[in-house]
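A.B. asks: Chains as they are written, first to last, in this note's numbering: chain F, 85 to 321; chain V, 85 to 321; chain P, 85 to 321.
If you're looking for bench data, these hints aren't it; they were derived computationally from the structure.
Take the hints with a grain of salt, since some may be wrong.
[To be verified] Here are the simulated BS3-like cross-link-like pairs (lysine-lysine), alpha carbons at most 30 Å apart as the crow flies:
1. Lys202(F) <-> Lys166(F)
2. Lys301(P) <-> Lys301(V)
3. Lys202(P) <-> Lys306(P)
4. Lys202(P) <-> Lys301(V)
[Unchecked claim] Far from chain F, some chain V residues (derived; all Cβ distances over 10 Å):
5. Ser90
6. Ile99
7. Asp119
8. Ser161
9. Ile169
10. Glu226
11. Ala244
12. Asn250
13. Thr307
[Claimed, not checked] Ranges of calculated distance between the beta carbons of each label pair, as one might list FRET restraints:
14. Asp302(V) <-> Pro304(P): 56 to 66 Å
15. Asp94(F) <-> Ser161(P): 28 to 38 Å
16. Arg113(F) <-> Asn252(V): 52 to 62 Å
17. Gly107(F) <-> Ser96(P): 49 to 59 Å
18. Leu320(V) <-> Ser90(F): 41 to 51 Å
19. Gly311(V) <-> Leu320(P): 17 to 27 Å
20. Glu321(P) <-> Gly311(V): 46 to 56 Å
21. Val316(P) <-> Val235(F): 51 to 61 Å
22. Lys301(P) <-> Ile217(F): 33 to 43 Å
23. Lys306(V) <-> Pro305(F): 38 to 48 Å
24. Val235(V) <-> Leu320(P): 43 to 53 Å
Backbone N, C-alpha and C fix where the C-beta goes; we use that ideal spot for every residue, glycine too.
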Amino acid sequence: MVDNNSNRIDPSAIIASTAKILGKVAIDRNVVVHDFVTLYPNVNIGANVEIFEGAVLGKPPTGTKALARRFSPELKSTDVGKDSIISPHCVIYADVRIGEGTLVGDNASIREQCRIGKYCLISRNVTINYNTIIGDFTKVFENTVITGNMVIGSRVFIGALVATTNDNNLGRRGYDESFIAGPIIEDNVGIGSGANILPGVRLGAGCMVGAGAVVTKDVPPKTLVMGIPARVVRDLE
Amino acid sequence: MVDNNSNRIDPSAIIASTAKILGKVAIDRNVVVHDFVTLYPNVNIGANVEIFEGAVLGKPPTGTKALARRFSPELKSTDVGKDSIISPHCVIYADVRIGEGTLVGDNASIREQCRIGKYCLISRNVTINYNTIIGDFTKVFENTVITGNMVIGSRVFIGALVATTNDNNLGRRGYDESFIAGPIIEDNVGIGSGANILPGVRLGAGCMVGAGAVVTKDVPPKTLVMGIPARVVRDLE
Amino acid sequence: MVDNNSNRIDPSAIIASTAKILGKVAIDRNVVVHDFVTLYPNVNIGANVEIFEGAVLGKPPTGTKALARRFSPELKSTDVGKDSIISPHCVIYADVRIGEGTLVGDNASIREQCRIGKYCLISRNVTINYNTIIGDFTKVFENTVITGNMVIGSRVFIGALVATTNDNNLGRRGYDESFIAGPIIEDNVGIGSGANILPGVRLGAGCMVGAGAVVTKDVPPKTLVMGIPARVVRDLE
Numbered sequence: 085m086v087d088n089n090s091n092r093i094d095p096s097a098i099i100a101s102t103a104k105i106l107g108k109v110a111i112d113r114n115v116v117v118h119d120f121v122t123l124y125p126n127v128n129i130g131a132n133v134e135i136f137e138g139a140v141l142g143k144p145p146t147g148t149k150a151l152a153r154r155f156s157p158e159l160k161s162t163d164v165g166k167d168s169i170i171s172p173h174c175v176i177y178a179d180v181r182i183g184e185g186t187l188v189g190d191n192a193s194i195r196e197q198c199r200i201g202k203y204c205l206i207s208r209n210v211t212i213n214y215n216t217i218i219g220d221f222t223k224v225f226e227n228t229v230i231t232g233n234m235v236i237g238s239r240v241f242i243g244a245l246v247a248t249t250n251d252n253n254l255g256r257r258g259y260d261e262s263f264i265a266g267p268i269i270e271d272n273v274g275i276g277s278g279a280n281i282l283p284g285v286r287l288g289a290g291c292m293v294g295a296g297a298v299v300t301k302d303v304p305p306k307t308l309v310m311g312i313p314a315r316v317v318r319d320l321e
Numbered sequence: 085m086v087d088n089n090s091n092r093i094d095p096s097a098i099i100a101s102t103a104k105i106l107g108k109v110a111i112d113r114n115v116v117v118h119d120f121v122t123l124y125p126n127v128n129i130g131a132n133v134e135i136f137e138g139a140v141l142g143k144p145p146t147g148t149k150a151l152a153r154r155f156s157p158e159l160k161s162t163d164v165g166k167d168s169i170i171s172p173h174c175v176i177y178a179d180v181r182i183g184e185g186t187l188v189g190d191n192a193s194i195r196e197q198c199r200i201g202k203y204c205l206i207s208r209n210v211t212i213n214y215n216t217i218i219g220d221f222t223k224v225f226e227n228t229v230i231t232g233n234m235v236i237g238s239r240v241f242i243g244a245l246v247a248t249t250n251d252n253n254l255g256r257r258g259y260d261e262s263f264i265a266g267p268i269i270e271d272n273v274g275i276g277s278g279a280n281i282l283p284g285v286r287l288g289a290g291c292m293v294g295a296g297a298v299v300t301k302d303v304p305p306k307t308l309v310m311g312i313p314a315r316v317v318r319d320l321e
Numbered sequence: 085m086v087d088n089n090s091n092r093i094d095p096s097a098i099i100a101s102t103a104k105i106l107g108k109v110a111i112d113r114n115v116v117v118h119d120f121v122t123l124y125p126n127v128n129i130g131a132n133v134e135i136f137e138g139a140v141l142g143k144p145p146t147g148t149k150a151l152a153r154r155f156s157p158e159l160k161s162t163d164v165g166k167d168s169i170i171s172p173h174c175v176i177y178a179d180v181r182i183g184e185g186t187l188v189g190d191n192a193s194i195r196e197q198c199r200i201g202k203y204c205l206i207s208r209n210v211t212i213n214y215n216t217i218i219g220d221f222t223k224v225f226e227n228t229v230i231t232g233n234m235v236i237g238s239r240v241f242i243g244a245l246v247a248t249t250n251d252n253n254l255g256r257r258g259y260d261e262s263f264i265a266g267p268i269i270e271d272n273v274g275i276g277s278g279a280n281i282l283p284g285v286r287l288g289a290g291c292m293v294g295a296g297a298v299v300t301k302d303v304p305p306k307t308l309v310m311g312i313p314a315r316v317v318r319d320l321e
């Protein structure tokens with residue numbers, strides 16, 4: 085399965101016999117690749133990373149006529165920083181960067197051109213859509229959907245089942261980045277479970293969003309918002 | 085793994101050596117079947133279809149005593165139309181029809197006896213439950229749950245994390261199709277992320293449902309509804 | 085793949101040639117293990133159980149510095165009761181007990197130290213987090229997130245896309261079990277789809293929670309609550 089001539093695989097790495105390596109990859113020391121993993125070409129795995137069963141890394145995006153958005157023609161490598169963990173059945177697309185010490189949970193998907201920081205948690209069944217940037221020490225809990233073109237800061241906490249969207253037109257105007265704008269989430273923001281963050285909204289640094297809130301407009305820094313639509317309830321010290 | 089005597093596999097098809105074909109299937113020209121895919125008997129794959137790692141197609145449903153609903157005794161073939169894409173780890177049950185040019189995203193499940201139209205998008209972690217019909221050009225975004233016995237029209241947009249349900253009794257009366265009624269969604273409807281569509285509700289053609297709304301009764305065509313419970317806010321064009 | 089010297093595998097069991105058994109396991113009569121399944125050491129499978137493609141059982145939890153909570157040092161066996169079904173791509177962690185006749189749906193994750201009763205349904209994309217106890221005949225529908233340290237009774241119905249949480253501080257105070265408290269759900273409770281159950285809340289026996297409700301405080305037994313925040317609407321007979 086592994087052609088050592090075209091790959092750089094440290095001899096200390098343990099790669100299951102059933103794992104498939106489909107092209108040139110680089111695998112650093114003490115990496116463990118478990119059964120039924122697929123590595124597409126141009127994947128670089130840092131030291132001590134563990135990749136669990138059925139995970140797929142470096143997969144190029146594939147479109148049909150059903151998709152409004154066109155793909156970028158040039159895709160760079162997929163890099164996983166040292167000490168990170170990729171859980172079973174994750175799908176990490178091509179041209180993704182994941183910082184060191186980050187945990188990606190079971191069945192999570194990270195789409196092309198995303199940049200995830202260090203020591204993050206991307207939990208189970210989370211989707212991080214295309215071209216989204218996430219800072220360091222940020223946590224995204226189970227089944228949350230992060231839309232495309234988002235910018236998320238550091239030390240952000242996003243609870244379970246949170247929805248984020250980038251299209252107020254529900255697809256009626258096609259895909260044009262002039263009006264497709266994901267929310268912007270600044271550093272140290274906390275978002276309760278089941279909240280809903282609408283397109284283009286900015287969540288100011290250190291603000292908190294209550295569970296189940298629907299955030300329709302910008303939230304000032306260091307305030308607590310709650311309700312539908314979300315309103316400022318009080319300032320946070 | 086592939087017994088060409090009992091199958092009709094076009095010689096232009098590329099089938100990974102690790103893929104498992106468990107019975108008689110038909111695979112048309114230029115199909116690509118990636119690693120660790122399982123095809124159960126009675127699966128028909130149209131031209132140019134690509135099936136990614138770990139996907140399972142044609143799996144018969146399996147029940148336990150924990151399930152209220154009984155399965156139909158007769159299951160037909162599972163047919164995937166030409167130019168469609170089946171993403172990693174999808175589970176497509178037996179007796180499903182998927183139209184041409186449709187994209188089924190990572191980890192999506194489509195249960196038995198569903199009919200999905202052409203050029204649809206069924207995104208990541210979406211479940212389409214049993215016996216549901218979906219028209220053409222319809223999009224269902226991430227982590228949305230489509231309940232059983234639904235009818236969904238064409239050019240419908242269903243945002244992420246939308247809940248649909250078919251049982252007002254929360255399971256207290258067992259499973260009887262006389263009162264198990266999924267919502268009906270007519271053509272050109274748009275549903276915002278995190279909305280919640282209750283049993284038996286009809287969403288009229290061209291209506292729009294705001295993000296986070298809980299829809300408890302029928303929505304007239306070409307109106308916008310918002311809130312909990314959802315009320316008409318205004319007419320559309 | 086299977087070393088019969090160190091395992092107790094009933095001769096009537098059918099184990100796919102691609103399945104991986106990574107250590108000592110016990111497999112009872114008439115069990116079926118499908119392709120690409122991984123069984124970690126110390127897994128015990130009861131009679132008539134069927135385990136579908138890509139499922140992973142007995143996986144030890146793995147942490148990074150990104151995780152606040154430390155793992156328990158001692159993990160016991162993973163036991164699946166007779167007549168249960170484990171669907172494709174499920175991940176069942178180490179030290180989990182699943183009662184007889186329980187169905188675990190596609191892509192579901194059950195974390196370490198959980199105890200699931202008999203004749204339960206744990207549906208697609210559901211996460212049951214660490215150290216949670218669930219009674220018998222309980223159903224948890226698609227994409228619902230069950231947080232850690234929860235106690236859930238018998239004959240409970242939890243709809244789709246329900247959020248439960250155990251940390252009112254959104255991670256700001258680190259992980260300390262003195263204030264990390266999951267909700268408690270007593271017997272015969274029904275929870276509508278999309279509801280949101282906040283930390284430490286107790287749902288009294290036989291109460292019902294409306295779809296989309298946000299439950300911020302205890303609910304008396306045999307009452308119906310609805311809305312945001314949830315309020316008692318009426319008593320149930």
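A.B. asks: Going through the numbered hints above, which ones does this structure break? Give me the numbers in ascending order.
C.D. replies: Violated: hints 4, 7, 9, 10, 11, 14, 17, 18, 20, 21 and 24.
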